[in-house]
Structure formats: C-alpha cells, structure tokens
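Chemist: Mind docking chain B on chain A? Use the hints.
Sequence order for the protein chains is A and B. If you're matching positions, the first sequence starts at 1 in my numbering and goes up one per residue. If you're matching positions, the second sequence starts at 367 in my numbering and goes up one per residue.
All clues given are correct.
Only some residues are given here: those of chain B computed to face chain A with a beta carbon under 8 Å:
hint: 1; residue: Ala548
hint: 2; residue: Tyr549
hint: 3; residue: Gln551
hint: 4; residue: Ile555
Hints were generated in silico from the structure; no laboratory data involved. Given the structure is predicted, the values throughout are model-derived calculations rather than measurements. Don't be surprised by glycine CBs; every beta carbon is placed ideally from N, CA and C.
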Amino acid sequence: MALEFRDVVKRVGAEIYIYPTDLKLEPGGFNILLGTTLSGKTSLIQLMAGLERPTSGEIWFEGRNITTVSVQKRNVSMVHQQFINYPNFSVFENIASPLKVAGLPKVEIRARVGKVAELLKLSPLLDRRPLELSGGQQQRTALARALVKDSDLVLLDEPLANLDYKLREELRDELPRLIKDRGATVVYATSEPEEALLLGGHTACLHEGRITQFGETAEVYRLPQDLISAQVFSDPPINTATVVKHEGVFLLNGTTSWPVGADHEKLADGEYVMAIRPHQVVPANAKTGERMARIEGIVLVSEISGSESVVRFEVEGTTWISQSHGIHPTPVGARAAFEIDTKKCFYFNMDDHRLASAGSMRGGDV
Amino acid sequence: MARKTTNQKAWFLVIPVVLLVAFNAIIPLMTVVNYSFQETFGDNVFFWEGVKWYEQVLRSSRFHDSLLRQIIFTSIILVIEIPLGVAIALAMPKKGIWVSVCLVLMALPLLIPWNVVGAMWNIYALPELGLLGRIINGMGFDYNFTQGPLAAWFTTIMMDVWHWTSLVVLLAYAALSSIPDAYYQAAKIDGATPWAVFRYIQLPKMKRVLTIAILLRFMDSFMIYTEPFVLTGGGPGNTTTFLSIDLVKIALGQFDLGPAAAMSLIYFLIVLLTSWIFYTLMMNNEEK
Numbered sequence: 001m002a003l004e005f006r007d008v009v010k011r012v013g014a015e016i017y018i019y020p021t022d023l024k025l026e027p028g029g030f031n032i033l034l035g036t037t038l039s040g041k042t043s044l045i046q047l048m049a050g051l052e053r054p055t056s057g058e059i060w061f062e063g064r065n066i067t068t069v070s071v072q073k074r075n076v077s078m079v080h081q082q083f084i085n086y087p088n089f090s091v092f093e094n095i096a097s098p099l100k101v102a103g104l105p106k107v108e109i110r111a112r113v114g115k116v117a118e119l120l121k122l123s124p125l126l127d128r129r130p131l132e133l134s135g136g137q138q139q140r141t142a143l144a145r146a147l148v149k150d151s152d153l154v155l156l157d158e159p160l161a162n163l164d165y166k167l168r169e170e171l172r173d174e175l176p177r178l179i180k181d182r183g184a185t186v187v188y189a190t191s192e193p194e195e196a197l198l199l200g201g202h203t204a205c206l207h208e209g210r211i212t213q214f215g216e217t218a219e220v221y222r223l224p225q226d227l228i229s230a231q232v233f234s235d236p237p238i239n240t241a242t243v244v245k246h247e248g249v250f251l252l253n254g255t256t257s258w259p260v261g262a263d264h265e266k267l268a269d270g271e272y273v274m275a276i277r278p279h280q281v282v283p284a285n286a287k288t289g290e291r292m293a294r295i296e297g298i299v300l301v302s303e304i305s306g307s308e309s310v311v312r313f314e315v316e317g318t319t320w321i322s323q324s325h326g327i328h329p330t331p332v333g334a335r336a337a338f339e340i341d342t343k344k345c346f347y348f349n350m351d352d353h354r355l356a357s358a359g360s361m362r363g364g365d366v
Numbered sequence: 367m368a369r370k371t372t373n374q375k376a377w378f379l380v381i382p383v384v385l386l387v388a389f390n391a392i393i394p395l396m397t398v399v400n401y402s403f404q405e406t407f408g409d410n411v412f413f414w415e416g417v418k419w420y421e422q423v424l425r426s427s428r429f430h431d432s433l434l435r436q437i438i439f440t441s442i443i444l445v446i447e448i449p450l451g452v453a454i455a456l457a458m459p460k461k462g463i464w465v466s467v468c469l470v471l472m473a474l475p476l477l478i479p480w481n482v483v484g485a486m487w488n489i490y491a492l493p494e495l496g497l498l499g500r501i502i503n504g505m506g507f508d509y510n511f512t513q514g515p516l517a518a519w520f521t522t523i524m525m526d527v528w529h530w531t532s533l534v535v536l537l538a539y540a541a542l543s544s545i546p547d548a549y550y551q552a553a554k555i556d557g558a559t560p561w562a563v564f565r566y567i568q569l570p571k572m573k574r575v576l577t578i579a580i581l582l583r584f585m586d587s588f589m590i591y592t593e594p595f596v597l598t599g600g601g602p603g604n605t606t607t608f609l610s611i612d613l614v615k616i617a618l619g620q621f622d623l624g625p626a627a628a629m630s631l632i633y634f635l636i637v638l639l640t641s642w643i644f645y646t647l648m649m650n651n652e653e654k
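Bound conformation, chain A alone:
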C-alpha cells in the first residue's frame, strides 16, 4: 500500500510550509522523516493523515486519489510526541476506542485489545487511567491505540521525543517488532540521525519544507547528495570548510593539503565545499596513515563521555568538531593537532551545494 505525494504544496497564509514535493512511501519497514524542528515533518504527517489539505498537488494511496478524503475515511492511526490518551478512560477503554467507533463486536474488541496490550506489556495496567501511568506507559497506551486497528497508514510523529533516555531506547528496540508483518505504510518522524540509522528502512531528509534526499536509510547516510542532506543526517554536526582543488591536491586554509583521490580526479580545478563527519576527525597520532591530513586549532570545548571524546576546536575562524573513541583529555584554550581521514571527505559544488562526484565512494564505510 504505497502512499504517494504528487507535487504537493502546503501554504499557510504567505508562509510556505511544504515546497513542491514528490514522494513515494512503500509499506514494510520504516519511512523516516528526518529533520530539525520546523523542517516540515509535522506538516507532512498532517497532510498524510488528512488533518490538513494540500494547497495544491495530489496525494495518492494504493492507486486512488485521496487528496480530498477526510481523516475519518482514510484509515490512519497516529501517535503524537505528547502522550495523548482520553483522560477519563481506562487503558483498556483507550485502546478499545478506535474499535468501538468502528462498531466491532465486544468479544472481538476484547480479544484484539488483549493481544496488543500483551505486545506492549500493558496487560497488568488495563484498569488504570492514563494519569496513573508513567510517561513510558502512557506512550505505550497511545501506541497500542494506534496499532490495535488495521490501519493502512501508521504515522508516528516523534513518538519517543518526550520519553527519558532509557525508555526511549527500550521502546525503540521494540518498534520494528511491533510494525512487522503489518501491511501498513509506517511513517516515523524524528530529529535524531541516530534514531533513523537504528530503525533502518527508508529516510527522507527534510530541510525548511523541502525533501532534500530520499532513499534507503543507510544509502542516504553513506552518500548524501547535497550538503544539506549531509548536515541533516549528522549528529554532532558535520564539519564543513572551503577547499581548493589545484594540480592534483586539495588545499585547505592554504596550509593543509592532500592528494586528490581517484574518485575526484575528473573534477575541474577550483573551490569546493568539503564536508567530513566528526568521527573522521581524530586527535593526531591516535591514528596514522598516508590518507590522513593534519590540521591544528585552538580547543574551545572538550567533552569526555566514558567511551568517546568530543572536542570542538577553531581553525581560522571556523569551528570544527572531532569525535573519537577513547579518552583524549585536551586542555581548553591549548593548541591541538587533529587528523582528517581524507578518504571520507565529501565534496560539494560551491554554487548549488550538490555532491561534486560520487565515483566509487558508493558502498564505502563513512
């Protein structure tokens, strides 16, 4: 059951929430909408649900134009970031509510609620009211309500964002199991690149109302087609700098240089935007090799979290981030040297910020 956006635009007043968008989402696995707040994730989800109508364009589902079909007739279910349950219903009644509205017989309602409750570990809590539950249990109840009916489209709008870290991990691990064997198209909005990678499936990178890239999650991560997709799909933020290609080398800040690899030989000489993920920038001497390029900067912030060290440092007015395994204490304010893994650099055109050359990078571990 594929969901298709055809040239969909959403405008509210003079503001454009969604620029012309074409998108085709397939059932099976997650379709992840990845973007920061205000990137348009929620707008897209509301359009999918039918809570909002597109200003122009069409929405198709299973070969049927559903642009003007109302929410109630679309057979969708949705989980919000806030924990939304009917306050004076018990957990059982909450989960049962969509089935009751659909007019199912009591016996079947009981059986289906029981099954979903089992799956979501809510069985002992069926008599409680939402206010008597923890945040995690409240969101499980909301999830159960979304999963209890056989909806064609399951929309999850940052469902784990309001949960604390432990609960988030726990529920995230369960999610793939919960949506497995459903014929539904599942859409999952998140602002965390890590969550997208963990859930797999397909990912659409969203930025200011535009889908910058859509494809298999791993593929989008491995090979961002433009600078913005690379920035959206990187946490901590990806490092960017202007480099000059000249006579077979890339030159950074006029001091650091490295040979142009086979992938980029054909690029014209000139300026490019280079981007490299923080974990490919490591403290010097932690890793050596001919493909490493050395840069030096003043340390601004140094954070050590058990297994990894994150250092922000400044080179010629630009802030860089280095993320490395192990503990590398770096005094703030001191000068420190880092190494860039030049094989892992992306190069984007100066003018349109598109990927300059894919070459054989496809399939590499970035």
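Modeler: Same frame as chain A, now just chain B:
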C-alpha cells in the same frame, strides 16, 4: 554529641502573619461568636444567653424563608451560568485578533463595581424609562420589577448572569486553550463525534477549573448583597430578600445584635460546609 542549640528567633518572622490573621479574621469572628451567646443593651453590658439566639434563628420562619430564597437563587444561577459560560467559551475563537477582543468584552462586566451594576440594571429595567423594561412591556408582558415578584426575580437573575457568567467563560476558556491540538487530531483520527470530543476530552480537561468556577459562583451568589440591595432593596415585600439582605436588616435595621450574630455564624457554617462537601466529592471522584 554536639549540644543542640534552640533558636526561637524564627517566631519573630511569623508574628506579622499572626497579627494580620488575628486582626482580619480571628478577632472579628470571635467578636461575632461573643455577641451570638450574649444579650446586650449597650454600654458594654452583656448577659449570658447560651444558645438562645441560635434556637430563635433556626426556628424563625423569616430565616427559613430567606434561606429558601437564597438556595433557589443560587441554584438557578449555577444552572444558568455554568453551562452558559462553558458554551460561550466553546464558541469563542481559538486564535487571531478576535481572541483579545472577545476576552476584553468578556472581562468588562467583571470590572464594574457591584453597586454600579445594581444601579445600571435598575435604570435599564425601569418599565417607563429603561430600555429593557420598555422592550419587555412592548412585547406585551406586564413587567415591573418594583412591583411584581416574578419580574423582580427575573431581573435579579438576569443581572447576576450578565455580571458573573464572564467569570465562568474566562475560566473555561483558559482550561480549553490549555488542551493540546494533538487531542483534537487524535479524536478526529479515531472518528469521534463533536459530542464525544466534548464529553471525553474537553469536559474531563475542564473538570478542575469548573470545580473552582462552581465553588466561586456558589459562594459569591450565596453571599450576594450589593446588587439586589441596589436593584430591588429586597422587595417587592420580602420576595428578593436573600440571606445577606435579611442579615443586614436584623443587625443594622433592628439592631438585634445577638440574633444577627447567631445568624451570621449559621450562614458562615452553611457556606463552609457546602463548599467543603462539594470540593471533597469532586476531588474524591477525580481520584477514582
């Protein structure tokens, strides 16, 4: 073991509050209690009377009548103002510039001094001069609130509804606007009817605030004095003499300090007890 030093200086910090409460609540209340058990003929000479005044008040048909009028008045007020207030709050715009316009219009009646409200409605409802009076008479009803008990009640109730429904509206509106949009979306997705949205989302979410609104309206309307005093003076006859008006008549009109004091305390206990029972019931219900 270190020697424990007790420092009693903290008591000084409590003194202002104690003094304030004493002058503003305890001393006046105890004065009334004092009067309610004694007889005085002035010159600060008191004679102990026991519970005589209480018996007298509780047995007097005059007290029964005012109490009954008071209960009927408050019940009518609550039955009209609470649903009306909720209905207006539901009908008010959720966003845009009209929100502020509506809120200001709603708040206006609350800002008008109570005796002015009484005077306003007095003039407004005059059968010959007032707009309301002329309209009603023009429609063929024989309406004169200074003579007809029914007209007097009608006018008093209209006045209170006009004056105080806004309070319920503002409280209910505040509660409604605190409901996240996601609730309405979830209900839409479930296919809930507008009635179901009201019954299962809006009403439960408004419950606490409505409890407060009902309590406030109960207490205020049960103690209503200024507006009906200015409007009808308790008349025609005694038909709009509510408890407060009656009490003032006894205390200041007849200068029967003993019975008036006893009546004050009975009055106070009725308000206190009813509020407490109501609040406990609502809150217990919530916990279930």
